[in-house]
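Asker: Taken in sequence, the protein lines are chains A and B.
Just so you know, my numbering puts 723 at position 126 of the first sequence, and the rest follows in order with no gaps.
Just so you know, my numbering puts 729 at position 409 of the second sequence, and the rest follows in order with no gaps.
Hints may contain errors.
Under 10 Å between C-beta atoms, here's a sample of chain A residues computed to sit facing chain B [unchecked claim]:
id: 1; residue: A633
id: 2; residue: Y637
id: 3; residue: L648
id: 4; residue: M658
id: 5; residue: K672
id: 6; residue: L680
id: 7; residue: A698
id: 8; residue: P700
id: 9; residue: L749
id: 10; residue: D751
id: 11; residue: V779
id: 12; residue: P791
id: 13; residue: R818
id: 14; residue: F820
Hints are computed from structural coordinates only; laboratory data are not their basis.
Glycine is no exception: its CB is placed at the ideal position from the N, C-alpha and C atoms.
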Amino acid sequence: MRKTVSGALCALFGILVWAPARAFEINLKPPASPIAEQIYGLHIMVLWVCLGIFIVVFGAMLYAIVNHRKSVGHKPALFHENLALEVVWTIIPFVILAGMAYPATRTVLAMKNTADSALSIEVTGYQWKWQYSYLPYGISFFSTLSTPPAQLADMAPKNRHYLEQVDHPMVVPTGEKIRLLVTSADVVHSWFVPALGVKQDAFPGFIKATWFEVDAPGVYRGFCTELCGKGHAFMPVVVQAVTPAQFAAWVAAEQREKKTAATPAARAQASRGHRTLTAPRAARAA
Amino acid sequence: MEAVASHDEHAGPHARGLVRWITTTNHKDIGTLYLCFSLAMFFIAGFLAMLIRAELFEPGARLFSPALYNQFVTMHGLMMIFGVIMPAFVGFANWQIPLMIGAPDMAFPRMNNWSFWLLPFAALLMIGEFFVPGGAAATGWTMYPPLSVEMGPGMDMTIFAIHILGISSIMGAINIITTILNLRAPGMTLMKMPLFVWTWLITAYLLVAVMPVLAGAVTMVLADRHFGTHFFNAAGGGDPIMFQHIFWFFGHPEVYIMILPAFGIISEIIPTFSRKPLFGYASMVYATVSIATLSFVVWGHHMFTVGFPASGQLFFMYATMLIAVPTGVKIFNWVATMWRGSLTFETPMLFAIGFVLMFTIGGFSGLVLAVTPVDIQLHGTYYVVAHFHYVLFSGAAMAIMAGIYYWLPKWTGHMYDETLGKWHFWLTTIFFNLTFFPMHFLGLAGMPRRVADYALQYTTLNQVVSISAFGLGLSQLIFLYVIVKCIRGGVPAGDRPWEGATSLEWTLPSPPPYHTFETEPVIS
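Same shape as in the complex, but just chain B (with noise of 0.2 Å):
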């Protein structure tokens, strides 16, 4: 503690209270409010889950009108993506590119504080549409075209939103690229970084090529609605499916920027709890721009049903099961890892082996998926919801999990609470499945998404998912409450409080000083 008090003052004067974390353009502190912000959204899309499952309990239940619930599915949809995962990956980014190559900070440091702070407003116009006239968009996040063009002015506010969003996600990228490819400290070559470096290099590359094409679309969105434009309406010789080509060339890659940095963290978290270096490292560099160079070119599985010719359809399937293969590599490499090592079960490593057990059921359901006339069979029912949920609840969510309580000691200098955090993991897995696995049964009986009530013959099955996803949302309280606990005090957790750990922000003191790296660390 006298070393980081004494590195304060080194460090010289920086605000205090509100105008710090405002003005600040530290990196430690734009991660600290990255994460902030995404777990309240956490909180809040999960409130919206919760009332999609209230409504969903039984059949004519009339909790919500239809019309809200669509409202309620699309904002769940959008925040938990932009507010939530995305955020919390470049809280991490923040945090830790810096720490881990050596870099006194971004490259970047004011454009990183402007990237955040673009945020909250984008948040305000998303929980502000549900008080204009006609509510929140109810389009579902894919916002499909003319529903999109017929919405209310809650649509204009999605439009800006995402336009903001995208926004920040730029500058965001370009930040990360800029300070990977320069502050590497002497030593540190491509080669040698940390894996979890590696994936935000691809992903930052991912995020600045999709979305300004997502802005692109939205904005011929705007137009169609406002500007007497057709892009995608054919009376006016337009093309609605174009919109589904150009969302999905965006979404497919989207999906990936959502999973590379989580294939990061865990390929942290499983070297070092097996206490052996990470198996197969240069493949797992290799993989991990496949499945970037791979996700250009399968957007069409999203757009089976649409009726592309049979080459169409068999080339897009024949891409999206090629994914499969990268893919496999990293969970063998992941399991090669855990092979023969010396293994402990700390809340991270808990959630690292529950990432890989079922993320890799998703990417079963994915691999079902990419079967064109099982795709075809399945598309739009709740086995789509049941995949993706696996690959972004238990895949991306509960990666982002495991980092929270892998690096909450270094951030805070304290232990987090190990009995309160293995309940964490335990219930949230539990009830994830039961809320989860029932719905690949429902989507093979043939139970559309995206409905406000069903038939009969789902209800059984519906009351199981809505009562697990109260005890899903309700666990993820005791996540806050070990946070917050954490945060104000705790066990000093000392510069390196996991056995295993190797890479470079273990040598600094928890947490570590405000300013870190004024001199350049060599690396042998």
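This is chain A alone, in the form it adopts within the complex (with noise of 0.2 Å):
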């Protein structure tokens, strides 16, 4: 008996954990800025807690399913109360949550620390797009799904991308705070990248505002994390790293652009090609 169920056990873990670890991603995907970092510690820590938990718990519960079983003969105890148990199985859990939110609590307020921030960009949402602006600088512009249409509609064989693309992604500088003022043009939105740690919902009529900085130059791919209609799924965020140098550089382009495209019609022919330096233009076929 006890060799079936410790079978069934390894069987079950080899099943949910050890085979899907080997073949997919199962954990959070690696942090790329310091909040995202954080984050990825306290889970780590927060799991680490539940599986002594698990072990203890039902280590006891399992001794009892083989070994005090009436099959086997066991007669029941009598025992129903035990008030000094009790109270120990009540102070330990509240020991175990303190040492956990001392460390949250830290995160917390890291995370709610928009101040001295070097750049702000307005997050506005929409059905179903993002609108960046970069408010220092009289920077705007939309970002859209870029996925062809004859892939949307399975007509095509999907690219590495598939819904993970936009026209004009969002770029910005490494290394340096990046303050997010988001909002919403109709209904409730939420701007998310994973590997940056971030996520804000976006409201109408409200600004929001939250952070997070890059560590280092790449492609960000993230998503909308709130209902919003039937295009929910089809407005993914995308964030560029580059260069602080770099971004100068794109800074002064989008600037220069924004002069010569005099009538709305010029500035459309210009927004189809200009929007990113070279560099950075490499990296978003990627």
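Each chain sits in its own coordinate frame; assemble them with the hints.
Answerer: In structure tokens:
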């Protein structure tokens, strides 16, 4: 019996944890910002606590299931109360929780601290796209899903970044604190980039602030995470992190373009090809 | 059987056929009606889940339009919560509370009839939504404005259905509170009541407290939609975030409304099959009261991504973590009840053990989500879908299944098919875990919930989930078959089919006569 039970448990563990760990991602994305790093650590810490409790509690239960069964002739004990035990297993979890709350509190305070940012970007959710406005530079553009319609209709093979690609990504400098001012033009949306540990709901008529900082240049992909109608799955978030020097060049190019684009027609023409500078364009194509 | 027949005659004539069920004021009949309604809705809402998983089998699948997909998601949630889990528990309450406290019937039998017969009309409204212009509500069960203000007439039908269901729940709750407080047999003091009765008493108070809050929230949406108000419209001075506060002030106690009676059922089953009294009865009662009280001050943890100030986030994080303490006490007490018992593993016990194990996994993911920064990472992703299915399917629904197997012999007078019952348990448990455990991984990898299509990186796990979900759905047909078979006949159950059962209902014949405890039993 013991063998059957432990064998079954091993098999279950294999199916649920070990096999997927080999075949798929089973954890958070590798963190790419200081806050994402802290979230990753907190998550792992809570998992260890849970595993410890699981082993103690269900170890006891498994022992009872194997040894205290009627079929092996076990006679029931009569005890049904123990005040000391009740007090102990009230206090111990309380202490464990307090231990978890301390580092979590530090991260909450860090996440809420939007002061001293190097750059503010206004993020506006629409059904179903995002608008990014770089307040100090007068740059503003929409960021819309760029997956070809044929792929969406299942008429063509899907590219690697199906539903995770946009025409104009948000471009930000690495190593600097970016403050986001998030709002919406219609219904509730939510701006989320997993690897950066940043998510903020977007409400019409309200502006909510959050922040992130990217460690290394690269393209970071995310989604809208609040149901916003039939296009909810089709308004991804793409953040392109570049070095501060490249960012300055991008800003200059955008501003030049804005000046030259006098008429709406010219503006539309210009926005088609020149949004991003050369190096990031290569990254975006990836 | 002779005793039953003579009792029936003694009980006097009651209507036969359909009229019996429409006009009945008998708690056993109404309990049966609630449970049959719940079972029917379980298959309807479950079928919607199958459609959802078919659409998500691979990226780019276009079985349904995204708009229709959102309707399936919304109605699956609303029907499972308001049409399956809540009515099933009220069904248990109707059958069991009078039998367990030695009462002749519920305190308000005629209101009892009405609170059931409202339900089919609410269900017809919800099903009918699919056939009106614009289709059913497609906002998710949370109905957040402004999206819910923009919906078609399906939203109005949802709102009316919720009003009707709310009235039904409040009447049911008042009936249960009154019955428990006034109709207990002599000697059945509060602290002698079976724990199932205790958990329902507390649940009923929660229902009375929060169902009007939900009714208020959806009425404000209705007014914003049609009467020119701006409760949730910032342009008119309103606040869309206020809806979320009001909704979750209802929504979190609602979570406990769906789990406390499950705790009660499990607290009856585990002692029976351990042949040992429930460990820490008093602390179980206090833990239930603590959980219910705390449930009113934790609603903000559903809204961590709204952008509360740090003080708000910290308050709701601490309060939420605190709930782990009384919940832990319950788990520990169940394990201590099994400890040094004399265990047997009939189907109800298997479901009860499965409940304790898998509900705890749901509790652990709840603890992960209580930690605000981690919640912000996982909010709105499949991790949350995994979490609440662990507490609502392997929690609430599997406790309901445990309770059905446990009391079906009492209600029908026949034993159910033990072999098929065990098959049902093992298939449900295996497919349940294969369906919902991988969703944790999807959520950690960032896959949003309520999406009709997804990025290629999530394909493999979604295929595992979909195939397992079909297995889970099909396994429930065994459940239906076992129930029908048991109602139609089987080995006679006798008064007390479970050796270790001690509560009052097992002193009655199986099935119990139409009217029971017309003379009060005396509890020593």
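Asker: Compare the structure with each hint and give your call.
Answerer: Hints, verified against the model:
A cut of 10 Å between beta carbons decides the hint on A/A633: the least distance to chain B is about 8 Å, and the hint holds. Look at A/Y637: its Cβ gets to within about 9 Å of chain B, closer than 10 Å, so that hint holds up. The interface hint given for A/L648 holds, since its Cβ lies 9 Å from the closest Cβ of chain B, which is under the 10 Å cut-off. Hint status for A/M658 relative to chain B: holds, with the closest Cβ pair at about 5 Å, below 10 Å.
Interface restraint check for A/K672: the shortest CB-CB distance to chain B comes to about 6 Å, inside 10 Å, so the restraint holds. The beta carbon of A/L680 is positioned within 10 Å of a beta carbon in chain B (closest approach about 8 Å), and the interface hint is therefore held. Look at A/A698: its Cβ gets to within about 6 Å of chain B, closer than 10 Å, so that hint holds up. For the restraint placing A/P700 at the interface with chain B, the shortest Cβ-Cβ distance is roughly 9 Å, inside the 10 Å limit, so the hint holds.
For A/L749, the suggested interface contact is upheld, since its CB lies about 7 Å from the closest CB of chain B, less than 10 Å. The beta carbon of A/D751 is positioned within 10 Å of a beta carbon in chain B (closest approach about 4 Å), and the interface hint is therefore held. Interface hint status for A/V779: upheld, as the beta-carbon distance to the closest one in chain B is roughly 8 Å, under 10 Å. A distance limit of 10 Å between C-beta atoms decides the matter here; for A/P791 the minimum to chain B is near 3 Å, and the interface restraint holds.
For A/R818, the shortest C-beta to C-beta distance to chain B is roughly 8 Å, which falls under 10 Å, so the interface hint holds. Hint status for A/F820: holds, given a least beta-carbon distance of 5 Å to chain B, under 10 Å.
Checked against the numbered hints given earlier, the structure satisfies every one of them.
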